[in-house]
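Undergrad: Chains as they are written, first to last, in the UniProt record's numbering: chain A, 1 to 285; chain B, 1 to 285; chain C, 1 to 285; chain D, 1 to 285; chain E, 1 to 285; chain F, 1 to 285.
Check each hint, because a few of them may be wrong.
[To be verified] Straight-line distance between alpha carbons at most 30 Å, and here's what the computed DSS-like set of lysine-lysine pairs gives:
{"no.": "1", "chain 1": "E", "residue 1": "Lys76", "chain 2": "C", "residue 2": "Lys68"}
{"no.": "2", "chain 1": "A", "residue 1": "Lys20", "chain 2": "B", "residue 2": "Lys160"}
{"no.": "3", "chain 1": "B", "residue 1": "Lys22", "chain 2": "A", "residue 2": "Lys160"}
{"no.": "4", "chain 1": "B", "residue 1": "Lys174", "chain 2": "A", "residue 2": "Lys160"}
{"no.": "5", "chain 1": "D", "residue 1": "Lys174", "chain 2": "F", "residue 2": "Lys37"}
{"no.": "6", "chain 1": "D", "residue 1": "Lys47", "chain 2": "D", "residue 2": "Lys132"}
{"no.": "7", "chain 1": "C", "residue 1": "Lys174", "chain 2": "E", "residue 2": "Lys132"}
{"no.": "8", "chain 1": "C", "residue 1": "Lys160", "chain 2": "C", "residue 2": "Lys22"}
{"no.": "9", "chain 1": "C", "residue 1": "Lys22", "chain 2": "B", "residue 2": "Lys20"}
{"no.": "10", "chain 1": "D", "residue 1": "Lys132", "chain 2": "A", "residue 2": "Lys160"}
{"no.": "11", "chain 1": "A", "residue 1": "Lys215", "chain 2": "A", "residue 2": "Lys195"}
{"no.": "12", "chain 1": "D", "residue 1": "Lys76", "chain 2": "F", "residue 2": "Lys64"}
{"no.": "13", "chain 1": "B", "residue 1": "Lys256", "chain 2": "B", "residue 2": "Lys20"}
{"no.": "14", "chain 1": "F", "residue 1": "Lys229", "chain 2": "F", "residue 2": "Lys249"}
{"no.": "15", "chain 1": "B", "residue 1": "Lys235", "chain 2": "B", "residue 2": "Lys22"}
{"no.": "16", "chain 1": "C", "residue 1": "Lys64", "chain 2": "B", "residue 2": "Lys20"}
{"no.": "17", "chain 1": "C", "residue 1": "Lys76", "chain 2": "E", "residue 2": "Lys64"}
{"no.": "18", "chain 1": "C", "residue 1": "Lys76", "chain 2": "E", "residue 2": "Lys68"}
{"no.": "19", "chain 1": "F", "residue 1": "Lys266", "chain 2": "D", "residue 2": "Lys174"}
{"no.": "20", "chain 1": "D", "residue 1": "Lys210", "chain 2": "D", "residue 2": "Lys174"}
{"no.": "21", "chain 1": "F", "residue 1": "Lys174", "chain 2": "D", "residue 2": "Lys47"}
{"no.": "22", "chain 1": "E", "residue 1": "Lys64", "chain 2": "C", "residue 2": "Lys72"}
{"no.": "23", "chain 1": "B", "residue 1": "Lys72", "chain 2": "A", "residue 2": "Lys132"}
{"no.": "24", "chain 1": "A", "residue 1": "Lys22", "chain 2": "D", "residue 2": "Lys22"}
{"no.": "25", "chain 1": "D", "residue 1": "Lys174", "chain 2": "A", "residue 2": "Lys256"}
{"no.": "26", "chain 1": "C", "residue 1": "Lys221", "chain 2": "C", "residue 2": "Lys47"}
{"no.": "27", "chain 1": "F", "residue 1": "Lys37", "chain 2": "E", "residue 2": "Lys266"}
{"no.": "28", "chain 1": "E", "residue 1": "Lys47", "chain 2": "F", "residue 2": "Lys47"}
{"no.": "29", "chain 1": "B", "residue 1": "Lys132", "chain 2": "A", "residue 2": "Lys37"}
{"no.": "30", "chain 1": "B", "residue 1": "Lys160", "chain 2": "A", "residue 2": "Lys160"}
{"no.": "31", "chain 1": "B", "residue 1": "Lys20", "chain 2": "C", "residue 2": "Lys47"}
{"no.": "32", "chain 1": "E", "residue 1": "Lys47", "chain 2": "C", "residue 2": "Lys47"}
{"no.": "33", "chain 1": "A", "residue 1": "Lys215", "chain 2": "A", "residue 2": "Lys64"}
{"no.": "34", "chain 1": "A", "residue 1": "Lys20", "chain 2": "D", "residue 2": "Lys22"}
{"no.": "35", "chain 1": "A", "residue 1": "Lys132", "chain 2": "B", "residue 2": "Lys37"}
{"no.": "36", "chain 1": "C", "residue 1": "Lys160", "chain 2": "E", "residue 2": "Lys195"}
{"no.": "37", "chain 1": "C", "residue 1": "Lys266", "chain 2": "C", "residue 2": "Lys221"}
{"no.": "38", "chain 1": "E", "residue 1": "Lys64", "chain 2": "C", "residue 2": "Lys68"}
{"no.": "39", "chain 1": "D", "residue 1": "Lys68", "chain 2": "D", "residue 2": "Lys20"}
{"no.": "40", "chain 1": "E", "residue 1": "Lys68", "chain 2": "C", "residue 2": "Lys64"}
These are calculated hints, taken from the structure and not from any lab test.
6 protein chains.
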Amino acid sequence: MNKFFSDNVIEALNFINQFKNKIFVIKIGGTQISDEKIFTSICSNIKTLYSIGINIVLVHGGGKEISKRLLKVGIKSEFINGYRITSENHISEIEMILSGKINKDITLKLNNIGVTSVGLNGKDGGMISCSKKSLINDIDIGMVGEIDGLNLNLIRLLLKERIIPIISPIGFNKNGETFNINADQVAGSIASELKSEKLILLTDVDGYYKNINDKDSFVSKLNLDEVEKILNDNKLNGGMYPKLECCYKSVSSTRKTAHIINGNVKDSLLIEVLSYGGIGTMIYI
Amino acid sequence: MNKFFSDNVIEALNFINQFKNKIFVIKIGGTQISDEKIFTSICSNIKTLYSIGINIVLVHGGGKEISKRLLKVGIKSEFINGYRITSENHISEIEMILSGKINKDITLKLNNIGVTSVGLNGKDGGMISCSKKSLINDIDIGMVGEIDGLNLNLIRLLLKERIIPIISPIGFNKNGETFNINADQVAGSIASELKSEKLILLTDVDGYYKNINDKDSFVSKLNLDEVEKILNDNKLNGGMYPKLECCYKSVSSTRKTAHIINGNVKDSLLIEVLSYGGIGTMIYI
Amino acid sequence: MNKFFSDNVIEALNFINQFKNKIFVIKIGGTQISDEKIFTSICSNIKTLYSIGINIVLVHGGGKEISKRLLKVGIKSEFINGYRITSENHISEIEMILSGKINKDITLKLNNIGVTSVGLNGKDGGMISCSKKSLINDIDIGMVGEIDGLNLNLIRLLLKERIIPIISPIGFNKNGETFNINADQVAGSIASELKSEKLILLTDVDGYYKNINDKDSFVSKLNLDEVEKILNDNKLNGGMYPKLECCYKSVSSTRKTAHIINGNVKDSLLIEVLSYGGIGTMIYI
Amino acid sequence: MNKFFSDNVIEALNFINQFKNKIFVIKIGGTQISDEKIFTSICSNIKTLYSIGINIVLVHGGGKEISKRLLKVGIKSEFINGYRITSENHISEIEMILSGKINKDITLKLNNIGVTSVGLNGKDGGMISCSKKSLINDIDIGMVGEIDGLNLNLIRLLLKERIIPIISPIGFNKNGETFNINADQVAGSIASELKSEKLILLTDVDGYYKNINDKDSFVSKLNLDEVEKILNDNKLNGGMYPKLECCYKSVSSTRKTAHIINGNVKDSLLIEVLSYGGIGTMIYI
Amino acid sequence: MNKFFSDNVIEALNFINQFKNKIFVIKIGGTQISDEKIFTSICSNIKTLYSIGINIVLVHGGGKEISKRLLKVGIKSEFINGYRITSENHISEIEMILSGKINKDITLKLNNIGVTSVGLNGKDGGMISCSKKSLINDIDIGMVGEIDGLNLNLIRLLLKERIIPIISPIGFNKNGETFNINADQVAGSIASELKSEKLILLTDVDGYYKNINDKDSFVSKLNLDEVEKILNDNKLNGGMYPKLECCYKSVSSTRKTAHIINGNVKDSLLIEVLSYGGIGTMIYI
Amino acid sequence: MNKFFSDNVIEALNFINQFKNKIFVIKIGGTQISDEKIFTSICSNIKTLYSIGINIVLVHGGGKEISKRLLKVGIKSEFINGYRITSENHISEIEMILSGKINKDITLKLNNIGVTSVGLNGKDGGMISCSKKSLINDIDIGMVGEIDGLNLNLIRLLLKERIIPIISPIGFNKNGETFNINADQVAGSIASELKSEKLILLTDVDGYYKNINDKDSFVSKLNLDEVEKILNDNKLNGGMYPKLECCYKSVSSTRKTAHIINGNVKDSLLIEVLSYGGIGTMIYI
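Given the sequences, and given the hints that come with them, work out the whole structure.
TA: Below, the structure written as structure tokens:
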């Protein structure tokens, strides 16, 4: 046993030394937040990464929670190409759920296990300025935002003090309007701007399969050329396409790596980051 | 005209030099936020104070807005001694309105006029830890919090960087519960802890009148002994009592001043702070 | 009244914030120094500017005082083109009056009202090196100096410590000779070298009039092209020409502004600097 | 496997975070240095500890090597109570072997695997001042030194720069004499003076056995009281007594821990330091 | 010769190392300033001391020059107990000569040989505040000042930048009056306040003789007890008494040394400071 | 005498000020170390140079001592072109003598007179990496090293802390082999790399004579062109050729000076460095 012990430790140490003081942008999805056990385990992994000196920016989504709550006030959710149609009356409901509920739940959880955190949305410090997304198939999808610019001074300040910023995907414009943004895109853009060491998307699937029906076709590593080819082939199922696209853009800019991993598997975050083999799909340059 | 010009400027300069790099804790009420014109004017005054080097912490309430919104989801508001009875199902609605709506509206407004601001609640950075308020007249008023402790590291960090923290009156405990807190009390406690130069409560009235029906009985300055006597006399109308009490506690701790002013009067904030005469009621040691 | 109060203050604050930590080079003339009341008022204005964080270099003249004192030791003053004919025996008398009398009077006055000041002449710290001015109309005007070089290390050191240097217009050369220099030229050269925000010449007139006999022809602002034209037209009365020329040179170098104002009007310094309208003539780029 | 991986890593991380920037004083014996394979493995363990931010001071012995080399120049080694009788002619031979051969071998080895090291003895920077040890059983054991004082400025300087000092057990006095010192004592004294986190003695045995003949009587942890009792019982075999005594003194001073471990077991250093169970005997307060 | 060379250098080096970064307050008298050759040589010695890192404060007198110049404007000098009777009309003449003539001559000289210097009097930076000296033998000696307080912030600032302050013995009070002060007293008080390493009075005599008529009675060193006895004996000639008294006060405060040396002997300053034997009389604790 | 005193001191001060904080690389030969009196005097000179702020790197040889000691273990020394034939069995003997004996003797001596020193060889901090010198006249001269690269981080660190590094001429390669190097070459290379102010070779001769038999043909100064001509003429006796060559290379790189002086003459180091005339031969650009 001792042999494995020191081998495992020496393996992990390679990464620990390499990643110290580096920035990871981690996106956590609605599914992971709603399941108390999974959520607790992910927070514990975040604490471990934090404790070895990694600077973490956490971006969260909240799709299911939003749909559930909107129903409560009598609003039925509709989507086009994965974008939620967001009328002007809905946006403030959505902001309240994301920034006034989910965001503060995560913040409280992390602070209570000893990881200093601050819950923010894209308005804080003028972080995420947006414009309205254009029509999709001639349909106005409402207050869905396209990111125009990022001001990450506040994020940099917090990271320097070893505080984790937790960010809801809400943006603004100079006219005082509020926008709902795709959380993967927020995470990817922030990773690009910060030139972060890793972008990690916690999802409900293991990563990329060549053939979604063949468990043996799992792919651990994809370089940018391979990702480009997959995107062009355009045979992907709905969920994986935008995630690979997001990773592609981010890695093109950071020249580092992005990771799609299954957030529902225990310790997947640690194993992906600290072992040679990893557990999900890594996109590299 | 020139004569008045230089006299006014020289008068204001006395205060400008005195208050530079000092901290003001300002509490803004629901009324001021809902009236667009008043709100815009107060934000402009805050910008002026910020521009002369005053470090501002802004605490906001939101009573009316909360009641209105709760009604929308079918909840009727009830109060005892001015405290909102807050059942466990209501608290997350209240937090969403305060921290996900009002707070972010103010944040966006200030950022958009060039004053870097960050919207927070008491969970951020583990800022305001609470316990449940005890029964009032044998009635359990629910998730209303009593402030147990303040961790203002985050606030100090932001002030040092000239960023205005905007704080919703929401607290937490170590069990992960959320509490609604009186906003005046939050402002007063933060002022005490920061030993702030001024605590300023923006209200709907001019300040303290000896006789509420006699416009000529207005009082510009009260020292702590006078306030103590007024509180003991217990002849005050509902609203003024807790405000005077809050100022009393804060000034006892800071050994500086507290101010109750009419937020609805144009430039009241500037005139109170930068002229000898002031406009509201000042409580001093 | 309150309305004007906050309007005036907000107007002045624009300038206060703009000029903080900037350098003003102010030249004060003999007339202002000899009149006790005017002198006291100017010192008070300087204190106000100093208190809002402006770094001031004060240059003084002393024409009348010199003439009066020289008479006492039996010397009659003669001028050519505004330059005092300065024989070798006279120069040490002149230096004594400027640097041992007027300079120290100002220094004492400012220190005694709480503005830390140091009286210097161009020999201190090797500040102003000169050569002898060439003949004017074939006449040797003696020990009148042309500025060859400035070493402002000492001035920068004092300004950094918030000490006002007060400078007599006396220069030196490497042979150990002493020179009398025109005070406006000293102020202008220092302003150029320091790239000062403002050069301000306190004079006995209001500023520039298109027609000296027509009070309504006063001009508040002149750009460099306009000044150039006026200088070329060469219709100016004796006193204004060299002042405009001095401002022209300085503004050409600093790319900021120069001001000719009436030092005998109460608070003219404050009004010129802190109001939109100003009171004298401003030369800008 | 992944499960064990993250468990092992999380276990080790506890210690990694705890020991970062702390000082370990490690004593390596002659046996470990002479066996190429063991020596290489220990150097690799040192590199791992160094890489996680532990500041290491390495003290070495060299008994066997000295005896062997002395024989070459015709000198036979004699010992009393474990102290080598060191005539004045021998001391310079001993210093040459320790500081000119063994010390530089270790230095070269560590530098060549990327761990910046500097070989020193107690004369460098006036580090270890000694006096002559008193007679043992009326016999003068020669130039064997008792440590009088330590000047660790040089060691602190090197540690601050992340350089490992490697120290031969040689001291000096103000008369210019050279002394041979017991290496365990040098390590223990330095640990005491630096208030080091750990003193680790790499030996040829597993640690402390209650009964040396009973493999099951191994003791993993001893507190100071237990060590004191063992020392007073005085039933220990020759080698273990001075080592326990050395650990006792050091822990009494540092209020931290000392460790006796088997340097011949692979990765014993890593396992002792980074796992809860450890592998040798730990002495604690 | 080489032998003497290295002996002399090693002797001087002892003092050079000892005095580096220390402060010397040197008082130079009128006689030394008027003789061009002596003055040049002293300036050269000052440059040498400056170049080895000694921080120098130079105080000057100017008795003879003042008398000569006063005569020019028709004023005859009168003295009581060594104090110049200074009517209110005379004081501004005296200040002009000291601060506008002698002071600037020294400043120019030192700057021109590469020693950065600034000429000051006691008004600069509010340095020397005074009150009027009381009657001597019932005679009002006029504007002669007694030092009340020293503000040496400016001096410390200049010394830190390696600039030599050159100080005229002129003081002020809060009413704006100007006072003439004894230069030895100015030097002594500054030395006390700065806890300077040395106070050095350059005079016209070699130092202290037990018997003024016996060249062999010269005394190189006096401790404070001896000086006290000499002062009490009161047999000293006029000039030496106040100088010894001044040294006595200064050394009592600084716990360092004071020196009375003959400024007219070539290199006396260097020899006194850098050799064991010295050349004048040293007062020590 | 006083006259000479101040002249000598002023002469030396020119150099003292010039050389403060500069680096001197001094090579001391075996002869100087073996003679106790000479060695003591050189150490005292080093202390003087150190005390005036010169940063010294000391390189030592040890030829005679090595030969003597090798004989003791039965090895006879052989040389080709001045290089010691160094079989693999001999190199560790040589390293022990140089780094374990001579180096530590010098270190102890300097520390004991108050000059903080550290004894090193080329393995420490990975300082001197070597390759094997090629055959000379077809003869393999063994483990004699050619310097490939220098890593002087450790040296720079020590100099910054005012610690003198004392260096034995031993190098290493990445295979873990040890090499003997010519000490003059070590000194010269370090001087080049550090761009040291002076390289000083202490030898047994006065410097360079045009005609070795004519005492009057001594040459105090040689520029690089002259040295090049002498080297090309190739008429030099054995010892002087490599020394001049070494100085030539070093000065070509540093653009400063190198000095060959007689280490056996008292205070030769001081006289060469601190007087205009010097005592040995200086090579300059």
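Undergrad: Hint by hint, which ones does this structure get wrong, listed from lowest number up?
TA: Hints 6, 7, 10, 11, 15, 16, 20, 25, 27, 32 and 39 contradicted; others consistent.
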